[in-house]
Structure formats: C-alpha cells, structure tokens
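Participant: Here is what each chain is made of, one letter per residue.
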Amino acid sequence: MSIILDHVNYIYSKGTSDEVKALDDVSFEIPDGDFLGLIGHTGSGKSTLVQHLDGLLKASSGSIYFNGEDIYDRDYDMKALRGKVGLVFQYPEHQLFEEDVFKDVCFGPKNLGLSQKDTELAAYRALKDVKLPDELFYVSPFELSGGQKRRVALAGVLAMKPEVLVLDEPTAGLDPEGRNEILGLIKELHDKQGITIVLVSHSMDDVAEYADHIVVMDKGKVFMNGTPKEIFSHASKLETIGLSAPGVTYIMRRLKRAGFDVDTTAITVKEAADSIIRAVNHA
Amino acid sequence: MSIVETHNLSFDYIRRDEEGNVSSINRALNDVELAVEKGEFIAILGGNGSGKSTLAKHINAILYPTEGYVMVDGKKTSEEENILSIRQKAGMVFQNPDNQIIGSIVEEDVGFGPENMGVETKGIWERVEESLKTLGMWEYRKHSPMRLSGGQKQRVAIAGVVAMHPECIIMDEPTAMLDPAGRKDVIRAARALNDVEHITIILITHYMEEVIYANRVFVMEKGEIRMTGTPREIFSRLEELEELRLTVPQTTKLAAELKKRGLKEIPDGILTDEELIQSLCRSYLTM
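Line by line, the protein sequences are chains A and B. The working numbering numbers the first residue of the first sequence as 1345 and each following residue consecutively. The working numbering numbers the first residue of the second sequence as 344 and each following residue consecutively.
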C-alpha cells in the first residue's frame, strides 16, 4: 500500500486573472506505514496537496496512484478512496453537528454504507481508540472541552477505518498537554494499528519528534524530501523559505563551535541531552 | 497607578432552558486578583478552559463581573458610561485575524477605529500612517487584507488597535493560527509596542517561548490564578506547570534534563540558548 504522486499540478481559478499555480510538478511517494511530516509556510501548498490525497481536489494534470491504481481512472471507485484516506481538517471540531457524540462518530461509517450494527461497533472502537471516557459518549459535542472535541472529530474519521490518516495541523489552538495527547494518540495509531500518517504541521519540534519522513513544500513545489535528520541538517536552506530546524539543533551547533564534542544532528531534547552528557563525561 | 486592576473578580456562565429557567451555572472565574502597572508586559498562561479568555474579555468590557469588579485606568467596567473610554484605552486582538479585519484595503481597515471615535480626517490619516509604520506594514497600505499572510493580517489587526491610541493591548492567543515566521513577527511587534511606545501588553498564549520576555507571568487553572512570578521563576517549576497542562520552553526543558542527569552547575529556569551555552561553557568545558 502506498501513495505515489506523479508530476501533479493544480491551478486555482484557471483562465482568470487570479490564476494561481498551487501545486507545481509535485512528485513523491508515501510508502505503506509511513509517518510523513508535511511542512512549509502558509500558502506553500500543503493544504491543497492533502486535499488531493482523498480526491477532494482533482489535479489539473499529473497522476496519483493509490495501491498502484490510478485514482483518475474512469472506473476508479472514488467513494471507496474517501473511506481509505481519512482527512482531518484544521479545527475539525467546527464540523461536529449531531446531538450527541456517539451519533456524530456514526455519521461517517453510516455514510459509507455499513450496517447499523457495524456502524455502531466502528464508532465504539474509534471512541475507545481516542480514549474518550465512556460517560461522555452520549453528551452533546458542544459540552466538551477543546481537546475532547478534537478527539471526537478524530474518532469520526477513524470510524471509517482509514488506511491513511491525513491531519492538517491537528494541534492548533490546544494547550501543551492537549498537543501531547493528540500527537501521542496519532503515534499510537501508527505504531499499533499500522495506519499511514500524513501530518501537516507548523511545529518543527513536533515533526522532529514524531515523523520518519519529511516533505518540505515551498511555492507549490517539493522543496526537500528526506528523513528528519537529513532535512534539519540544512537549517540555513530551510531559513531561506521561512522555516527553521528545531531549537535544540541550533544549541548543538553553537556548543560544537564552542569546543564541545557534541552531535550536531540531534533534533530532539532527548537526543541533545544524551549527546551533551556523553561529551561532558568523555572530556 | 495600575492600568488594569481586578478585585474579587468572579464570573458565572449561566445557561437557561427554553422557559428561561437557569439550567446550569458554570463558574469560569473565581476570585481573581490582578494588578497590571502601566508599561508592563504581562503574560497569562493556562490550559484550554482555564479562564484566560474570559478574563481578557472582562478587561475589554465585553463581559461584566458576576462578583467583584474590574477597573481600567481607574474606571469600573460595570458602569455603562465608562464602556467607550475603556474600549479605547484597552484594545483587544483576537486569535483569528480574518474575524477582525473589515476594510477592503489595509489603510481603510486601520482607519476604522479612529474614525469611529470621531477623530477628524487629518488626524485619522496621521494615526493610520504612524501605526502602520510601527507595525512594519506601511508598504502594504494599499493592499487588500485578504491577500496578506496570517502574520501580516494579524499585524494589520494590531495596527487597527494601535491607531486608537490605547494605553493597553490585550492579545488573546494572537499567534495560535500563524506559522513560525508569522508568530515571530507578531511577538516582535508586541515587544516593540511595549519597549518603544510604552503600551502595556497583556499576552495570552499557549506557546511558552513567547513569554520569556514578559515582566511577569500569571498561570491560570479552573478560573483561578495559581502561579505568579517572573518567567525565570515560573519556568523553574516544570512539574507544577505540567500538572496545569503546560510545559516550559524547549531550551529550559533541555537545561532541566541535563541538570537531572548530573550537570548540577546549571542554574534553574534557564530561558535562552545563550544562557544555557554560557553556563555549559563556564562549568563543563575543559580545554
């Protein structure tokens, strides 16, 4: 199972004076079981890109292959694709609308055509997966806290049992603990259930901590594609497009220059601490 | 003199059913005592639902106390004749820039506030120019706000508040929806307004890195103020902060981790890269 984007272009408002090339010759692969971090500043094309993955937007030209099948083929089952690729938008709690949490989570699987029983089973599993306490299953979604609402919205997508989960800035507006909870949950879905994750994020620290693979977007193009360590070793290149390496990476570079024998490829607090302790003990 | 002062401030969100009977009461603020001096840079931290935004809305007279009072520049917010002058003295910037911008051209948007206050035309244009220059947005004055980036839009929203010549600006998570570059620009602008224009700033945020330059930090939980201190004092208390759903800046976290693992010479509450590097060089660099 993988997704391959092959020379994908997308033009907004084609043929008008407002024409914008939002995706410009985008080609890369999301392998099965990947944890992909998609980064880039506002307007770089990240959100446009992820909306292509479940067929919400159709490329102006180029191809997308899901499990080896061209999703723009005439007889490709687009509806099934929407079930396989779950898209969690920014501030997804704005899309909660049913009278209670459980009904809201049932909406997706019911729409996919599952039986009443299977729908309820899927909804129950999904709410368990996001660790929502049982006593909240039948309250109005509007009575929940910000972090809880976000988990319900995530459950609504999980209930469709996606193979790929695409999350557009899932931690925006949450407090630090809420951010940890959501990211921990996503990591668990990836590690335990093998779901492929595409995480759109503004936080270099989060991407460094969780992703196995990073694609950097700029002006609709793929600017860089590699492992977190490869990507973040090019801090000054990232700075030219308004991004940066994680904060600890800069500390490590300065320590190296000051004479400490530390690893400048450290990108998380844990890696940095390990390396500094080692350097001090060796000296 | 305090520019903002609250005494015994409590606030209940009261929900009523269809017949108008009270169906639930939710205490959002409980006995909050706060005094902010003119020219200070204050930060308020707290988890989701801790009461930060409810408190902010009291300073701008959007909400009124259930108990106690709020004074802005010596005037009570609960008295109707004070509302206009309070809203002019204490301006507010919200999370989503798109909800705050109404003009179709940047300079018109910024001129809206002073125009509403009855400033004469020449004065309006002077204020527009001065505030757009202060926020580094003068060159965009003829642009459509909708074409700007999030950070630029937020700076236009702040310019709109600055044009009303406030004594104090309350910023309620102004960077929550911005990318890192936009966040930096907005925080830099807030610091400059404080340093250069001496405008009192009350910054509410979930990003710990943004408060290290504040004079004082207040930490809220369940509608109450739980911790008060300088950033250094507050960020020395990692465990307490984690219990309140918060954390410390990444640099502070690295310093605390190193100390825990045996580098005892590192002081508590390290805030900047510079401090950490200097401390390591001083105590642990052997040439």
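No lab work stands behind these hints, which were simulated from the structure alone. Every residue, glycine too, gets a C-beta built ideally from N, C-alpha and C. There may be inaccurate statements among the hints.
Sample of chain A residues with no beta-carbon within 12 Å of chain B, all distances over it, derived [as the list claims (entries may be wrong)]:
| hint | residue |
| --- | --- |
| 1 | 1447 |
| 2 | 1462 |
| 3 | 1487 |
| 4 | 1513 |
| 5 | 1539 |
| 6 | 1570 |
| 7 | 1578 |
Derived, one-sided and incomplete: chain B residues facing chain A with beta-carbon distance under 10 Å [claimed, not checked]:
| hint | residue |
| --- | --- |
| 8 | 406 |
| 9 | 408 |
| 10 | 409 |
| 11 | 411 |
| 12 | 424 |
| 13 | 507 |
| 14 | 551 |
| 15 | 583 |
| 16 | 604 |
| 17 | 605 |
Participant: All hints, please: hold or fail.
Facilitator: Hint-by-hint comparison with the structure:
The claim that residue 1447 of chain A lies off the interface holds: its Cβ sits roughly 22 Å from the closest Cβ of chain B, which is beyond the 12 Å cut-off. Look at residue 1462 of chain A: its CB is around 34 Å from the nearest CB on chain B, clear of 12 Å, so calling it non-interface holds up. Look at residue 1487 of chain A: its CB is around 10 Å from the nearest CB on chain B, not clear of 12 Å, so calling it non-interface is violated. Under the 12 Å C-beta cut-off, the non-interface status given to residue 1513 of chain A relative to chain B is violated; the minimum distance is some 9 Å.
The Cβ of residue 1539 of chain A lies farther than 12 Å from every Cβ of chain B, with a closest approach of about 26 Å, so its non-interface assignment holds. With a minimum CB-CB distance of about 20 Å to chain B, residue 1570 of chain A clears the 12 Å threshold, and the non-interface call stands. At roughly 16 Å, the least C-beta separation between residue 1578 of chain A and chain B is larger than 12 Å, which holds for a residue marked as non-interface. A least Cβ separation of about 19 Å between residue 406 of chain B and chain A goes past the 10 Å threshold, and the interface hint is therefore violated.
Contact between residue 408 of chain B and chain A, as hinted, is not supported at the beta carbon level, the nearest pair being about 24 Å apart and thus beyond 10 Å. A distance limit of 10 Å between C-beta atoms decides the matter here; for residue 409 of chain B the minimum to chain A is near 21 Å, and the interface restraint is violated. Because the beta carbon of residue 411 of chain B sits about 25 Å from the nearest beta carbon in chain A, more than 10 Å, this interface hint is broken. At about 36 Å, the closest approach between the beta carbon of residue 424 of chain B and any beta carbon in chain A exceeds 10 Å, and the interface hint on this residue is violated.
Hint status for residue 507 of chain B: violated, given a least beta-carbon distance of 27 Å to chain A, over 10 Å. The beta carbon of residue 551 of chain B comes within 7 Å of a beta carbon in chain A, closer than 10 Å, and the hint placing it at the interface holds. Violation of the interface hint for residue 583 of chain B is found here, the shortest Cβ-Cβ separation to chain A being roughly 13 Å, above the 10 Å cut-off. Nearest Cβ of chain A to the Cβ of residue 604 of chain B: about 5 Å, under the 10 Å cut. The hint holds.
Because the beta carbon of residue 605 of chain B sits about 7 Å from the nearest beta carbon in chain A, less than 10 Å, this interface hint is met.
In this structure, the hints that do not hold are numbers 3, 4, 8, 9, 10, 11, 12, 13, 15, in rising order.
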